[in-house]
Amino acid sequence: MSVHHEEPTSFAFDAESEAQIAKIVARYPEGKQASAVIPLLYVVQKQMKRQTDSGWVPRIGMDAVAERLGMPPIRVYEVATFYFMFNTKPVGKYHLQVCGTTPCWLRGSDEVLRACQDHAGVKHYGETSEDGMFTMTEVECLGACVNAPILCVDDDFYEDLDYERTKALIEALKRGERPTPGSTIGRLNSAPEGGPLVLTDMPGAGE
Amino acid sequence: MAKVTVDGIEVEVPNGASVLQACEAAGKEIPRFCYHERLSVAGNCRMCLVEVEKAPKPVASCAYPVNDGMKVFTDSAVVRQARRNVMEFLLINHPLDCPICDQGGECDLQDQAYAFGADGSRYTEAKRAVKDKNIGPLVKTVMTRCIQCTRCVRFSAEVAGTAELGGTNRGENLEIGTYVEKALTSELSGNLIDICPVGALTSRPYAFVSRPWELKKTDSIDVLDAVGCNIRVDARGPEVLRIIPRVNEAVNEEWMADRGRFSFDGLKRRRLDRPWVRKDGKLVAATWPEAFSAIAAKLSGLSGDRIGAVAGALADAESTLALKDLMAAYGSTNLDCRDDFATIDASRPDFYRFNTTIAGIDEADALLIIGSDVRREAPVLNARIRKRWTQGKFKVGFVGPRGVDLTYPATYLGDGPAAMSAFAETLKGAEKPMIILGRGALSRPDGAAVLAVSWALAAEVGALKPDWHGFNLLHLFGGQVGALELGFVPGQGGKDQAAMLGGGVDALWLLNADGFDPARIGADTFVIYQGHHGDAMAGRADVILPGAAYTEKEATWVNTEGRAQRGRLAVFPPGEAKEDWRIIRAFSEGVGKTLPYDDTAAIRAALAAASPVFGRVGEVQRAGCADMAGPAGGSVSGVPFVLPLPVYHQADVISRASDVMAECAAIYGPAPALAAE
Numbered sequence: 001m002s003v004h005h006e007e008p009t010s011f012a013f014d015a016e017s018e019a020q021i022a023k024i025v026a027r028y029p030e031g032k033q034a035s036a037v038i039p040l041l042y043v044v045q046k047q048m049k050r051q052t053d054s055g056w057v058p059r060i061g062m063d064a065v066a067e068r069l070g071m072p073p074i075r076v077y078e079v080a081t082f083y084f085m086f087n088t089k090p091v092g093k094y095h096l097q098v099c100g101t102t103p104c105w106l107r108g109s110d111e112v113l114r115a116c117q118d119h120a121g122v123k124h125y126g127e128t129s130e131d132g133m134f135t136m137t138e139v140e141c142l143g144a145c146v147n148a149p150i151l152c153v154d155d156d157f158y159e160d161l162d163y164e165r166t167k168a169l170i171e172a173l174k175r176g177e178r179p180t181p182g183s184t185i186g187r188l189n190s191a192p193e194g195g196p197l198v199l200t201d202m203p204g205a206g207e
Numbered sequence: 001m002a003k004v005t006v007d008g009i010e011v012e013v014p015n016g017a018s019v020l021q022a023c024e025a026a027g028k029e030i031p032r033f034c035y036h037e038r039l040s041v042a043g044n045c046r047m048c049l050v051e052v053e054k055a056p057k058p059v060a061s062c063a064y065p066v067n068d069g070m071k072v073f074t075d076s077a078v079v080r081q082a083r084r085n086v087m088e089f090l091l092i093n094h095p096l097d098c099p100i101c102d103q104g105g106e107c108d109l110q111d112q113a114y115a116f117g118a119d120g121s122r123y124t125e126a127k128r129a130v131k132d133k134n135i136g137p138l139v140k141t142v143m144t145r146c147i148q149c150t151r152c153v154r155f156s157a158e159v160a161g162t163a164e165l166g167g168t169n170r171g172e173n174l175e176i177g178t179y180v181e182k183a184l185t186s187e188l189s190g191n192l193i194d195i196c197p198v199g200a201l202t203s204r205p206y207a208f209v210s211r212p213w214e215l216k217k218t219d220s221i222d223v224l225d226a227v228g229c230n231i232r233v234d235a236r237g238p239e240v241l242r243i244i245p246r247v248n249e250a251v252n253e254e255w256m257a258d259r260g261r262f263s264f265d266g267l268k269r270r271r272l273d274r275p276w277v278r279k280d281g282k283l284v285a286a287t288w289p290e291a292f293s294a295i296a297a298k299l300s301g302l303s304g305d306r307i308g309a310v311a312g313a314l315a316d317a318e319s320t321l322a323l324k325d326l327m328a329a330y331g332s333t334n335l336d337c338r339d340d341f342a343t344i345d346a347s348r349p350d351f352y353r354f355n356t357t358i359a360g361i362d363e364a365d366a367l368l369i370i371g372s373d374v375r376r377e378a379p380v381l382n383a384r385i386r387k388r389w390t391q392g393k394f395k396v397g398f399v400g401p402r403g404v405d406l407t408y409p410a411t412y413l414g415d416g417p418a419a420m421s422a423f424a425e426t427l428k429g430a431e432k433p434m435i436i437l438g439r440g441a442l443s444r445p446d447g448a449a450v451l452a453v454s455w456a457l458a459a460e461v462g463a464l465k466p467d468w469h470g471f472n473l474l475h476l477f478g479g480q481v482g483a484l485e486l487g488f489v490p491g492q493g494g495k496d497q498a499a500m501l502g503g504g505v506d507a508l509w510l511l512n513a514d515g516f517d518p519a520r521i522g523a524d525t526f527v528i529y530q531g532h533h534g535d536a537m538a539g540r541a542d543v544i545l546p547g548a549a550y551t552e553k554e555a556t557w558v559n560t561e562g563r564a565q566r567g568r569l570a571v572f573p574p575g576e577a578k579e580d581w582r583i584i585r586a587f588s589e590g591v592g593k594t595l596p597y598d599d600t601a602a603i604r605a606a607l608a609a610a611s612p613v614f615g616r617v618g619e620v621q622r623a624g625c626a627d628m629a630g631p632a633g634g635s636v637s638g639v640p641f642v643l644p645l646p647v648y649h650q651a652d653v654i655s656r657a658s659d660v661m662a663e664c665a666a667i668y669g670p671a672p673a674l675a676a677e
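Line by line, the protein sequences are chains V and L. Residue numbering for the first sequence follows full-length UniProt numbering, starting at 1 and increasing by one per position. Residue numbering for the second sequence follows full-length UniProt numbering, starting at 1 and increasing by one per position.
A couple of the hints might just be wrong.
[Said to hold, decoys possible] Cross-link-like lysine-lysine pairs, in silico, BS3-like; alpha carbons within 25 Å at most:
# : chain 1 : residue 1 : chain 2 : residue 2
1 : L       : K131      : L       : K182
2 : V       : K89       : L       : K3
3 : V       : K89       : L       : K495
[Stated by the list, open to error] Which chain V residues face chain L? A few, computed with CB under 7 Å, are given here:
# : residue
4 : G70
5 : Y77
6 : E78
7 : V79
8 : F82
9 : S129
[Unchecked claim] Derived CB-CB ranges, DEER-like:
#  : chain 1 : residue 1 : chain 2 : residue 2 : range
10 : V       : R175      : L       : K57       : 54 to 64 Å
11 : V       : Y28       : L       : K393      : 17 to 27 Å
12 : V       : A26       : L       : G669      : 36 to 46 Å
13 : L       : V180      : V       : P39       : 21 to 31 Å
14 : V       : G132      : L       : P99       : 43 to 53 Å
15 : V       : K89       : L       : E88       : 30 to 40 Å
Keep in mind the hints are simulated off the structure, nothing from the lab. This structure is a prediction, so every number in the text was calculated from the model and none was measured. In this text, a Cβ means the ideal position worked out from N, Cα and C, and glycines have one as well.
Build the full structure now, drawing on both the sequences and the hints.
What follows is the structure in structure tokens.
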């Protein structure tokens, strides 16, 4: 492991995490606790976000998971590094995850990427802005292609973006606001733009 | 059983066997990288593809179970093309650095690319490069060569029991390593070098030293622990360049411990290569006749009961017998081979042997370990215990210092002899209970009582039955049991080692005896040291007779089970050093007490006459317990057990002279249980 960042020297689950862990571990039969490794890594990542504003999994946090679940640390390292969703390096306050898979790309994800580069202060994927506000990552399909292109900020999807709306989103985040997740053009979930187009004469439709 | 037809050859294999095993039964060679018969099946290298009738595409034979009536084709056009394609993929990221790779000449990838691969590659893009990992002083890594077969990952998790290696990241970026930079903590780490099918994990001490075809290979026996691993000593000219294990299912399977494998550079350092005689308080170089006459002059004026002999941890059976006979010629019965003061009762073989045998561990269903860190005293035997544990329904109890990690869970019972009875109920409930008593647990004032109490416990819990012998003594070095088999213990009216020290005898012949503090020898005692390393004991000697180390002589060794095995001469002893029994034989002739053997065949006949174990070399006669009567004891004290080998990597004269082992000792330090105190 090459370390280019500060690793914390201590990690302990806080009360909120402990409550979550108790619930998660209880899902698995006795002796199969190691199955809880992925949810517990999320617990670590979330706790880091609460405590440091940066949602990532430090090595010492992986060790804490290993100890809790009674598994060799290397088995946890394998899982944590395999899944892209676990950040093994610190990230900015907002984690901008740009989807560049075909549907998003066809619908203009390059514009979303350009907006992030222009306004979030990050030039390349994997970079964190100098003010520590943004980290930009390229992700594969987020599974919301109907509303492409998508920018996923931490756990929230912002959909139907273009350059201007991405810029507005980033500016809002900079001001400390958290715009409502979902479509940025006001469509309901993944319904057609501008409201229903078919089955409009069904009783009760269009309400 | 299932009938399988492989290339028209009909074979019968057990249900549940893999297609690969069926192909092997039919004598077909199936190329493979990730598959290893002693590890779990991973099925990720895809090299073992074969065609199975009615299967739509080639199948990975290592992970495909047989079916009755199955027809397998291992040499069809489809199979040959599939292998070429898999090989092309494997070689995409494999560097073409065979000329500078230490695996060259004994590389599975090289051999199989030659045998099964295509003649070229269509890949023109850049190859990936992987940063090398530092995983300790013994195993060198060149990770760009890794083909990710994960044999090392499975070995460390399954056999060694120290899950420290893993595959991190994914896809193109997958890397094998420890993630956190650290030295592997296994005592079996050298085996990673053997199981790695490419040059990713190679021997660090052997790096850029030699090519396999330049080496003279000699089959021999490891004596640096009491397991008696079967080894092959590879030498070039006068130098041992490496030691690797041989397969022996009953002893070491195909594993070997790190001390035995890597301490051979100690064979070149601090050697006694000529006789020395003390003159006016100083050791001066001498010739053989001068050394012999100095000894003869001293011994001739002494009565037998003022002469004593001690055989040590690395003494071979031939020289031990010769020394015993020489002492008898002098009328001395002051003999002892327990140079670590272990109060072993040599009156009956099953009091000091590993009676269950190493292969017998596979049948045991409960185990109590008393005063022995098996992991560091006999790593390969410990791997066998771990293998038994992984099969389930196997309870282990441990008595000894707290904090010993045996690589499998053991119920901690306490640190002193009183704690062992706490496991009695578990042992009673088992069909084939086993007790392993460490030799170190007997090197204490109440050692005889510990032995007696352990035996009594074995008798009480039903470990001693006509068809099952569950009492085991685990020795520490390859020479210890042979001397016991030869009865190298005080004879009628003889003194034991403790009585010989402190002036109990006037002349003391030490044969490879380095197990005690030289300061305990009486100031006026004339000391003859016969051995191969200038360790502390040689410094105390009045006459030094340079002997041969275990790689330099035709010698017989007896492992902890009582299995006699032959070590062979791989290189000649340095300088004027000689084979040990010949030294004693030559001396005996000079003093007119000629011993009745003058060649190897004759002394081996004498060995066989002295004890039946030497008559059946390589075998061990496994027997139940015929006589429940135990050794004489006394009352045990409450003193906690102390482990006999504080530093695994420096436990004997050879490893203490080794630079590689010194580096390991500096990195790993004392055993954790001792460091914690």
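Classify the hint on V:V79 as holds or violated, based on whether any CB of chain L lies nearer than 7 Å to its CB. 9 Å, violated
V:Y77 as an interface hint toward chain L, with CB separation required under 7 Å: Check passed: Cβ of V:Y77 comes within 4 Å of chain L, closer than 7 Å.
Does the hinted range 36 to 46 Å hold for V:A26 and L:G669 at CB? Hint holds: Cβ distance 41 Å, inside 36 to 46 Å.
At a threshold of 7 Å, is the proposed contact between V:G70 and chain L supported by beta-carbon distances? This interface hint is violated because 11 Å lies over the 7 Å limit.
Taking the Cβ atom of L:V180 and the Cβ atom of V:P39, is their distance within the range 21 to 31 Å? 23 Å, holds
Status of the hint placing V:S129 at chain L (closest C-beta pair under 7 Å): 25 Å, violated
Is the gap between the beta carbons of V:Y28 and L:K393 within 17 to 27 Å? Holds, since V:Y28 and L:K393 (Cβ atoms, about 23 Å apart) stay within the stated range.
Cβ-Cβ distance between V:K89 and L:E88: within 30 to 40 Å? 35 Å, holds
Does the structure keep L:K131 and L:K182 at a Cα separation of 25 Å or less? 15 Å, holds
Please check whether V:G132 and L:P99 have a Cβ separation lying inside 43 to 53 Å. 49 Å, holds
Could one say that the CB atoms of V:R175 and L:K57 fall in the range 54 to 64 Å? Given range 54 to 64 Å: holds, Cβ gap about 58 Å.
Mind checking the CB of V:E78 against every CB in chain L and telling me if the closest is under 7 Å? 4 Å, holds
Consistency note: the structure conflicts with the earlier hints numbered 2, 3, 4, 7 and 9.
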